[in-house]
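Q: Chain by chain, the residues:
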Amino acid sequence: MLGEGILKGLTETAKNFFGSYFSAERLTTVEYPEQRIAPFEATRVFPFLVYDAENRDGGGPEWEAGLRCVACQICEKECPPKCIYIEKSKDKKLDYLGKAQYYPARFDIDISVCMSCQICVEVCPFEAIKMDTKFELSTTDRFGGLLLDREQLAKSNEYYHQIHSAEATAVDAKLAIEKTKFDAKAKVAAATAIAKAAAVAGEGA
Amino acid sequence: MSFVFYMLAALSVTGALAAVLLKNTVHCALALTVAFAGLALLFLDLDAQFAGFAQILVYIGAVAILVVFAILLTKGSETPKDGVFSRTWLVGLVIAAGVFAVLGWAVIGSIRVLPQEKAVPTVTVLQIGNALVGRYVLPLEIVAVLLTAAMVGAVIVAMHEKEGEK
Amino acid sequence: MTIENPIFVTSDQIFVLLRHWALSFLPAAWQTIAGVLLSVAAIVCIFPALFALTTVFERKGLGRIQNRLGPNRVGPFGLLQPIADGIKSLTKEDIVPLSADAAVHFLAPVVLVVAVFMGFAVLPMGRNMALVDMDAGLLFYFAMGTSTELAVFMAGWSSRNKYSLLGAMRAVAQMISYEVVLLLSSVTVVMMAGSLSLTKIVEAQNHYSFGFPHWYIFTPWGCAGFVMYAIAATAETNRSPFDLPEGESELVAGYHTEYSGFKFALFFLGEYLAMFSISGLGTTLFLGGWSAPFLFLTWVPSWFWFFSKLMLSIFVFIWLRGTLPRLRQDQLMNFAWKFVLPMCLLNLFVAGIWRFLGDGWLRWMVCSAILIVAYAGMGWGEMRRGKIGPRSYRYAE
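Residue numbers (the working numbering), protein chains in the order written: chain A, 1 to 205; chain B, 1001 to 1166; chain C, 2001 to 2397.
The reader is advised that the hints may include incorrect statements.
What the hints assert, rightly or not - Chain B regions said to be covered by chain C (calculated; three or more residues, Cβ under 8 angstroms):
no. : region
1   : 1063-1072
2   : 1133-1142
As the list claims (entries may be wrong) - Partial chain B-side listing against chain C, Cβ under 8 angstroms, derived:
no. : residue
3   : Leu-1030
4   : Thr-1033
5   : Val-1034
6   : Leu-1057
7   : Val-1125
Worth flagging that the hints you see were computed from the coordinates, not collected in a lab. Ideal Cβ placement from N, Cα and C applies to all residues, glycine included.
Model the full structure from these sequences, guided by the hints.
A: Written as structure tokens, this is what we have:
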């Protein structure tokens, strides 16, 4: 009958109106900034550099020493809007495996350009750059304030666990596997080196 | 002839003068509306409530809108190139003066003939209604038929345009 | 409490008594003019205040209907929001387009607000509380209502903007069509009450039988009349679902596109005040005006009942706005002329039958049957013929 749809609609909105005082599903507002929605596992905003606190090689602050980034510059080349700027260092330092690697003397990301596509994260072979979840980055300095340097980008592995726990655990497991493989290979190599040295010494004597 | 009457008369006359003297046709229509409003207030001053409100309802609410629509939908809203005064203004003035003289003579003549009543009885809407369906029912029905014919004609004209274009 | 109880009389007539007391300080020659001015000042203060409150309630109500909160930052529960809005409107720059017709552009909101305020003069807001008790009160109200159409047209035309002009033409066409419906549905009430004076119409409804009031909405013709009056009132004040002329997604803002700052606030004020006055008229004609709903509640002051019914109508307007999608212009006009108007004329006929069948259950049966059958029949016809369906194009085929 004519008008039936209108009455059905009116009852639905009345239910919404009165229900919004009682049930949360009829009032979905989150009053930011007093209330916040917790970020999800896959939340991403801008990249940051991971450092391992326990990996200390030489002097310098903790973040600088433990930075996983080896300045391979793959992310700089793959970044679509070219917002990453890397300067390789002249010397090397040891990474978590014990290998000597270069490190970035300068690592700048311009977050006014970054489009959060996560390509830098996907291509990094060293699990050094990951996506952060902080978005309240407003500043009054339109140019310098939005250019994050190495120090501002370096965040610890514990922080990474806080924001992306599943991902961080997977990364840690992968790195641990690599370390065990590397250690095993190093032991085998050391054993063969000792055997060879003994053989050479035996032949010499 | 009280002060209120003079004010309302001034309003109506100014509105009517503006309606013929202004260049922009829509302004003329709006000035005519002011003249209608002045007339309505004059009716109210004479205690003819029904006539006054009907004047506002019909003239300002319907006729003025009709006039304005007619101006907009034709080319009337452009300002005239030759100015607002016509070349034969002297003849027009003479004819207007003649008409005014005839009307004035009739009105003044009628004052002498009709008795001067001290108190004007207020005509209530009830009396108007009774008169309309009692004594004046034939004119009422004729006007109704006329209006219906006009509406039907308008619909037919509009419909024919639609079919003509198809 | 009986009606002669002095406490009841004082609370019921408190505003009248205050007025008398205030006027007693003035010499007798000035008392009529001062009395009128005082009442006018009261209306000019109360209804804009009510308008301010209504804007907040509308936004919060619509918000809750749409699963969100309304404004809640300014003041407790956002109740001081209208003050912020008012300050904003007053301090915004008043932009008048260069090619706009300055005089008419300035006068349009003025004419609108004046015409709308005049309508409040005849509403009986309580026992003995109508500003002017005119013999032809209802006619006065409609006369002022039609003056608003002229203001809308003036606004649209003077802006020299296609969108404004389109919006104004649509608004005027819509208002004229639904004015006919409004008048016809009020005429049934006039027929039954026997007078055009609004105070007398309310007094005709102020009787009770078995504790239930004799409001006209409780009769078959009154109920149908009230529904049609409500539809016409929604269309007259350009409210959803009839707000195409000012549709924000269609015509920018329709006829008030080129208005900013205080003039826009005046248009807004005019629209809401028109809503109030048309709701006030609706409560006077159909809902019994200031009379209480039950016999045992007559001790509550009459002005309280009037304003509660007014606010109830406003909440229904807000509810409708949150529920229904907008009607297209041709759907709107078709609805008015092909459905509502014939029902209105039938309602007149039914009201006549009601009168002549005399008291008893027979007239209830006959009148309800006629109205229900007609509504169902016409509704079925409209829906079957696909009139309320997709549009057919005149030129595009």
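Q: Against each hint, give a clear statement of whether it holds in the structure.
A: We went through each hint and held it up to the structure:
Against chain C, the region 1063-1072 of chain B contributes 5 residues with a C-beta closer than 8 angstroms to a partner C-beta. That satisfies the three-residue criterion, and the hint holds. Note: the region 1133-1142 of chain B has 0 residues with beta-carbon separation from chain C under 8 angstroms; the three-residue rule is not met and the coverage is violated. Because the smallest distance between the Cβ of B:Leu-1030 and any Cβ of chain C comes to about 7 angstroms, under 8 angstroms, the interface hint for this residue holds. Against a cut-off of 8 angstroms between C-beta atoms, the interface hint on B:Thr-1033 holds, since the closest Cβ of chain C lies about 7 angstroms away.
This hint is violated: B:Val-1034 has a C-beta 11 angstroms from the nearest C-beta of chain C, more than the 8 angstroms allowed. For B:Leu-1057, the suggested interface contact is upheld, since its CB lies about 4 angstroms from the closest CB of chain C, less than 8 angstroms. About 5 angstroms separates the beta-carbon of B:Val-1125 from the nearest beta-carbon of chain C, less than 8 angstroms, and the hint is met.
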